[in-house]
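K.L.:
Sequence:
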Amino acid sequence: MIFSSNRLLPCVTEHLLAEIVQLTVTDITKAIEWLQCSYLYVRMKKNPENYSIKKGISGDRLVKHVQGAIVVLHYAMLDICVKKVNELSQHQMVEIDKDGFLLSPLDPGRLMTVLFEI
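Just so you know, numbering that gives the first Met the number 0 puts 44 at position 45 of the sequence shown, and the rest follows in order with no gaps.
Where hints are given, some of them may not hold.
Unchecked claim - Straight-line distance between alpha carbons at most 25 Å, and here's what the computed BS3-like set of lysine-lysine pairs gives: (1) 82 to 97; (2) 45 to 82; (3) 83 to 44; (4) 29 to 83; (5) 29 to 44; (6) 45 to 29; (7) 29 to 97; (8) 97 to 45; (9) 97 to 44; (10) 97 to 83; (11) 45 to 83.
These aren't lab readings, by the way, just hints derived from the structure by calculation.
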């Protein structure tokens, strides 16, 4: 199935859960790294305004803006990861350690991953 850009963000929770269950993603840092290797990240870099990320400054400020856009995109990725992980935790799909860093799959999350069709 091919996903359009506007359908990537709503599906990221299920995909992230699958990566946590497979132990590909075991902490928040790896979740961010995983997301930065995703097609969603590519689309966000190419069309940041579709994801409420500022784009388009001309002239002398371009270099500073590009550096700033990368920082903004990084924080957007961090925000997405934290929100999605917290959502999964609230629904008891994954467990977050007491420091809020390590991620472990729970049985409902494993079951959902088995039944989830991409």
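K.L.:
For a quick check of understanding: which of the numbered hints are violated here, in increasing order?
P.N.:
Numbers 8 and 9 - these are the hints that the structure violates, sorted from lowest upward.
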